[in-house]
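Trainee: Sequence:
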Amino acid sequence: KGFDDNDATALVIADAWTSQRSDDSTVIINVSGKGTITLIDCWEDNLKIVSSLTKVNHYNNLNWNDESNKTFTGTSGADYMRNGGNKVKVNALGGNDYIDNNGDNVTINAGAGNDIFQGDGGNYTVDGGSDNDTIRTWEEGANISVNGGEGDDCFHNNAHKTTIIGGDGNDFVGNWGSNAHHVKIDTGDGNDSIDNKAMDVMISGGAGNDLFDNGSITFKEFTATTFHIDNDTYKISGSKLKK
Numbered sequence: 004k005g006f007d008d009n010d011a012t013a014l015v016i017a018d019a020w021t022s023q024r025s026d027d028s029t030v031i032i033n034v035s036g037k038g039t040i041t042l043i044d045c046w047e048d049n050l051k052i053v054s055s056l057t058k059v060n061h062y063n064n065l066n067w068n069d070e071s072n073k074t075f076t077g078t079s080g081a082d083y084m085r086n087g088g089n090k091v092k093v094n095a096l097g098g099n100d101y102i103d104n105n106g107d108n109v110t111i112n113a114g115a116g117n118d119i120f121q122g123d124g125g126n127y128t129v130d131g132g133s134d135n136d137t138i139r140t141w142e143e144g145a146n147i148s149v150n151g152g153e154g155d156d157c158f159h160n161n162a163h164k165t166t167i168i169g170g171d172g173n174d175f176v177g178n179w180g181s182n183a184h185h186v187k188i189d190t191g192d193g194n195d196s197i198d199n200k201a202m203d204v205m206i207s208g209g210a211g212n213d214l215f216d217n218g219s220i221t222f223k224e225f226t227a228t229t230f231h232i233d234n235d236t237y238k239i240s241g242s243k244l245k246k
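According to this note's numbering, the residues represented by the sequence shown are 4 to 246, in order.
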């Protein structure tokens, strides 16, 4: 059975969906553009996935919440958690989880595992926990605080008034969106990379050999008094930066 949806943002195949064909049938799903296909406990050992993607994630549990003023808890396995409620605490626990937040005033603890988070709500905080996390914030969001914790984390920020804390590890921070101003970035320890295309951004690289790309100039390794900008070396003399 085939599906085509150019505007699809999410396609979920779970207990409620069947191909209505024989056990040996081939199911073809075509989705163009950006989106998510989630498979949740819907196969046996003979399932084969052929994908043009480099990586396909399997989530053991599919959890939805649209209620406000509650605690939304996952499992120790790989969970898909989508929250639409306000004033919610999300605890994903262990496993490589996918967390999608659309609520406001939300506290999110991703826990251990290589987690993926995306959100377009406002006034929320994210703690990625240990391991290598990917955190995306969208343009609709504002007043957000995200902390990658331990591990080599990847941040993609498009939101207004965002605080990004990389924590330990070799982190990447991309601050690109048209609304991504009034942003504070602190990558912490490790050899980090920061790509900033927005205005009114405060950046602290912390310990380690960090790379800053700020549009027209690139800051390379530096100390408290010496900076390497593009291919030139500058030193602080008094209150001035001299070549």
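Keep in mind that a hint or two might mislead.
Beta-carbon label-pair distances, calculated as ranges [stated by the list, open to error]:
1. N64 to D203: 36 to 44 Å
2. E143 to D203: 17 to 25 Å
3. T76 to S207: 27 to 35 Å
Straight-line Cα separation of at most 20 Å, SDA-like style, residue types lysine to any residue; simulated pairs [as the list claims (entries may be wrong)]:
4. K164 to H184
5. K187 to T137
6. K200 to S133
7. K164 to R139
8. K200 to E153
In short, the hints are calculated from the structure, not lab data. Every residue, glycine too, gets a C-beta built ideally from N, C-alpha and C.
Trainee: With reference to the structure, classify each hint as holding or not holding.
Mentor: Verification of the hints:
1. At roughly 41 Å, the beta carbons of N64 and D203 sit within the given window of 36 to 44 Å.
2. For the pair E143 and D203, the supplied restraint of 17 to 25 Å holds, since their beta-carbon distance comes to about 19 Å.
3. At about 34 Å, the CB distance of T76 to S207 agrees with the hint of 27 to 35 Å.
4. Simply put, K164 and H184 have alpha-carbon atoms about 6 Å apart, close enough for the 20 Å limit, and the pair holds.
5. Between K187 and T137, the direct Cα distance comes to roughly 18 Å. Compliance with the 20 Å bound is thereby established for this hinted pair.
6. Note on K200 and S133: the hinted pairing is violated, with a Cα-Cα distance of about 28 Å set against a maximum of 20 Å.
7. Between K164 and R139 the CA atoms are separated by roughly 14 Å; this keeps the pair inside 20 Å, and the hint holds.
8. Taking the CA atoms of K200 and E153, the gap is about 26 Å. The hint is violated against a cut of 20 Å.
In the structure shown, a violation is registered for the earlier hints numbered 6 and 8, in ascending order.
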